[in-house]
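2 protein chains.
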Amino acid sequence: MTKFTKTLAAVAVLGGLTSGAAVAQNADAETQIVAVLDRYEAALNSSNAAAVVELYTADGVFMPPNVPAQIGTDALLAAYGGFFQMISFNLDFTVVEIIVASEDWAFVRTHSDGTGTLAANGVTIPQANQELFVFERNDSGEWKIARYAFNSTLAAN
Amino acid sequence: MTKFTKTLAAVAVLGGLTSGAAVAQNADAETQIVAVLDRYEAALNSSNAAAVVELYTADGVFMPPNVPAQIGTDALLAAYGGFFQMISFNLDFTVVEIIVASEDWAFVRTHSDGTGTLAANGVTIPQANQELFVFERNDSGEWKIARYAFNSTLAAN
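Residue numbers (my numbering), protein chains in the order written: chain A, 1 to 157; chain B, 1 to 157.
Here chain A stands alone, though its shape is the one from the complex (with noise of 0.2 Å):
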């Protein structure tokens, strides 16, 4: 759950935004961005489908493998709930690039490496994947995720 935290120091920032108080926005920004990461890959590693739609916006949007896009908290909720129902996660998440697009918007390139077991037979499986998170900022300050697509890096059966 720490890794995000340590790669935070080599994660390049492509902003446009260039002056002094710029910077440190970003930089607030990165802060708060990796915390809701850090708190995704909790909320995932525990199964916790109710706080893992907290990080995200009330009409983000969950794009996982094989299923269409899921809009919106209660969509989120069932996507999340079921996954959870089918395998329980072990990810460890790494950040790869956050770039802080403008005051209110961001991007996310992470990839996350584990395990997953199966609730129908107990089975470990191993879990690699590559996600691109759109991150937008709400009027309390709050940065959450607002689209997020991934899939899996393993090369396919």
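Just so you know, not all the hints are guaranteed correct.
[What the hints assert, rightly or not] Covered by chain B, according to a simulated footprint, are these stretches of chain A (three or more residues, beta-carbon under 8 Å): (1) 63 to 75; (2) 105 to 111; (3) 129 to 142.
[What the hints assert, rightly or not] If you anchor each label on the Cβ, the simulated ranges turn out as follows: (4) B/Gly-20 / A/Asp-74: 35 to 43 Å; (5) B/Gly-20 / A/Gly-141: 22 to 30 Å; (6) B/Gln-25 / A/Thr-117: 43 to 51 Å; (7) B/Asp-59 / A/Gly-20: 20 to 28 Å; (8) A/Thr-117 / B/Met-86: 29 to 37 Å; (9) A/Asp-92 / B/Ala-128: 27 to 35 Å; (10) B/Thr-117 / A/Ile-71: 27 to 35 Å; (11) A/Thr-115 / B/Ala-21: 47 to 55 Å; (12) B/Gly-82 / A/Ala-51: 38 to 46 Å.
[Stated by the list, open to error] Short, incomplete list of chain B residues facing chain A, as computed with Cβ under 7 Å: (13) Pro-65; (14) Pro-68; (15) Asn-151; (16) Ala-155.
Note that these hints are calculated values from the structure, not bench results. Even glycine gets a Cβ: it sits at the ideal position worked out from N, Cα and C.
Here the structure of chain A is known, so what remains is to put chain B in place on it, guided by the hints.
Leaving out everything else, chain B in the frame of chain A:
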């Protein structure tokens, strides 16, 4: 190929810029981004790796399933070239939303539907995917694909 253009009128622009000039700027950005997506679709359907890669930034990142992120022109050429040796596509992309996040960054959600024909045996298989693109405007004012992840929305085998 024309579907992108047809759906543009229905695209919601959720970017934070609200002045008259900014609205016009957003509309211009959308038009350019849709044109890039049209060219992407055409290049994909004609198995033209060079034409695909031209649409990316020099440090563009392509995140297809079952392959780690491919970064930069050379890697992208190899990745798309490899795909086109295995499969030829006949896909129709539909824009779901374009959000212009700032003067230089935007993101786009699409889905694509159609078929892929396997080079190995000539078998044609259904394709249905969802895509999340991050676009960046370069110094010449051209919008390019900066980051791009997708996955299949078909049920897992």
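- prompt: Does B/Ala-155 pass the interface hint, meaning its C-beta sits closer than 7 Å to a C-beta of chain A?
  reply: holds (6 Å)
38 to 46 Å as the expected CB spacing between A/Ala-51 and B/Gly-82, which holds or is violated: holds (40 Å)
Chain A contact restraint for B/Pro-68 - C-beta distance below 7 Å: With Cβ-Cβ at 5 Å, under 7 Å, it holds.
field: Three-residue Cβ test at 8 Å for the coverage of the region 63 to 75 of chain A by chain B
entry: holds (count 7)
task: Please count how many residues of the region 129 to 142 of chain A have a CB within 8 Å of a CB from chain B and say whether that reaches 3.
output: holds (count 4)
task: Note whether the CB distance of A/Asp-92 and B/Ala-128 lies within 27 to 35 Å or breaks it.
output: 31 Å Cβ-Cβ, so the 27 to 35 Å window holds.
query: Using the C-beta atoms of B/Asp-59 and A/Gly-20, is the stated range 20 to 28 Å upheld?
result: holds (26 Å)
query: Range hint 22 to 30 Å: satisfied by the CB atoms of B/Gly-20 and A/Gly-141?
result: Cβ of B/Gly-20 to Cβ of A/Gly-141: about 27 Å, so the range 22 to 30 Å holds.
message: B/Pro-65 was flagged as interface toward chain A. Is the shortest Cβ-Cβ separation under 7 Å?
response: Result: holds, 4 Å to nearest chain A Cβ.
field: Given coverage of the region 105 to 111 of chain A by chain B, checked by CB-CB distance under 8 Å (3 or more)
entry: holds (count 4)
- prompt: Between B/Gly-20 and A/Asp-74, does the beta-carbon spacing fit 35 to 43 Å?
  reply: Taking Cβ atoms as reference, B/Gly-20 and A/Asp-74 lie about 37 Å apart, which means the hint holds.
- request: Mind checking the CB of B/Asn-151 against every CB in chain A and telling me if the closest is under 7 Å?
  value: Since the shortest Cβ distance to chain A is 4 Å, the answer is holds.
Comparing the model with each numbered hint stated earlier shows that all of them hold.
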